[in-house]
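Participant: Here are the chains, one letter per residue:
Number of protein chains: 2
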Amino acid sequence: MIELTAAQFALVYNAFSLTIAAMGAATVFVWLGRSQVADAYKTAMTITGLVTAIAFYHYLRIFDSWDHAYVVANGIAKPSGKDFNDAYRYVDWLLTVPLLLVELILVMRLSDAETWAKGTKLGVLAAIMVALGYPGEVATAFSTKWMWWGLAMIPFAIIVYELYNGLGEAIAKQPASVRGLVKAARNLTVASWCFYPVVFVLPMLGISGRASVVAVQVGYTIADIVAKAVFGVLIFMIAVRKSGVEANRGANLQAA
Amino acid sequence: MIELTAAQFALVYNAFSLTIAAMGAATVFVWLGRSQVADAYKTAMTITGLVTAIAFYHYLRIFDSWDHAYVVANGIAKPSGKDFNDAYRYVDWLLTVPLLLVELILVMRLSDAETWAKGTKLGVLAAIMVALGYPGEVATAFSTKWMWWGLAMIPFAIIVYELYNGLGEAIAKQPASVRGLVKAARNLTVASWCFYPVVFVLPMLGISGRASVVAVQVGYTIADIVAKAVFGVLIFMIAVRKSGVEANRGANLQAA
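In order, the protein sequences belong to chains A and B. Last residue of the first sequence: number 1170 in the working numbering, and the count goes up by one each step with no gaps. Last residue of the second sequence: number 1170 in the working numbering, and the count goes up by one each step with no gaps.
Derived from the structure by calculation, the hints contain no laboratory data. None of the hints are false.
Under the rule of at most 27 Å between Cα atoms (straight-line distance), these lysine-lysine pairs were calculated in the DSSO-like manner: (1) K996(A) / K996(B); (2) K992(B) / K992(A); (3) K1035(B) / K956(B); (4) K956(B) / K1087(B); (5) K1087(A) / K1035(A); (6) K1087(B) / K1035(B); (7) K1097(A) / K1087(A); (8) K996(B) / K992(A); (9) K1035(A) / K956(A); (10) K956(B) / K956(A); (11) K996(A) / K1059(A); (12) K1097(A) / K1035(A); (13) K1097(A) / K956(A); (14) K1035(B) / K1097(A); (15) K1097(B) / K956(B).
Construct the complete structure from the given sequences, taking the supplied hints into account.
Facilitator: Laid out in structure tokens, this is it:
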């Protein structure tokens, strides 16, 4: 832990508090919205809210850990001697990142066999990716950090490939009215995930010291809000629109 | 932080506690009421409750921060050395002010394209407005404060213009039974929002020292209750009335 200015400490502190509010709000939003979607999409809504609820829990812990790691006085935030527990992030991602991919697959409503095959494949790859990143995060030697970063990038690359290829075909079969939204959700996942390996390497790129601490914490926070809360709202919109399309189709079939 | 009388400290303390109760109550009111409105208005009700729920969370934090910022003894509230974190307000507004505009647009039930266009435009303007106000709030030099205040007033003015012009036409197309209520909700938004830039400039107008601290905190608190909780009840009333009108129209069509 290194000394920060009071303003730097406060920026991270307020970013964490904002994330608690955003994750809590997103959770309630999709869980209340669950009653507005067809039965086929209710599990997707449950899981979408679980992702933000798990993040809500971890940001409460992260906020407290940050608050206890420093003592602020006279414009300076001095380390209190208690370490800030960065591992909360990896515990969170280990649970939420596989679930994020599962919610995307569920809202696409593929066949049961495809849902299971793609869900387990992407979910396991995501868990491996997070597990490989952790030893790099806690290592201090840059060479060790780069090695684990490189290893974690392998499952990362396979997931991105799968999202554009295997899932690309499935997206092309989605109803026309949601195809754009599903593509947007897929692209948002990939774009927001690109934040993480970049934030990870900031300290290794010479962005060191105080600015690096603040950039890493605020960077991960923004990435989490986009990848989980904004993504969750997109998944809800897809589910509502598909529920409408399918209800209309059912009504037309009955009328015919 | 400056010294206050115990009575001044208590006035702000009790105003914050009242706001916690009011925001919590408003949240439960609209979320329970969600089951009484037609499906088309359920998302508006969800978001109306999210605004007050997010404010509820922030007022819990604000209350604690205020309580820890002073030590009260012998009729005097002395600064404890821990800063009162005013940034909670801006974090709150960054999330809730765009959502407030979105709930107003959703309850009007425009076309999907118009809802999206007006929602993103007003939401983004609102977020910019809040983000521009923050550097002014934390600045100490009056000239700097005035500059950021002036910059924040630009999106503020555009939003007010949009609410009376772009949205004015849409209001004219609302069912006769709710047109007055929708206008009232729109006017309440603009009127309550006018509090904020006024409260902001109180310290710059020579209302300084103890009275200024109390006026700013109590002023923002009243504005928040009106803009979020009272406004939320209006949105609920509009949704209930429109649900009734549309159910009647549906029944008349079936009878014809």
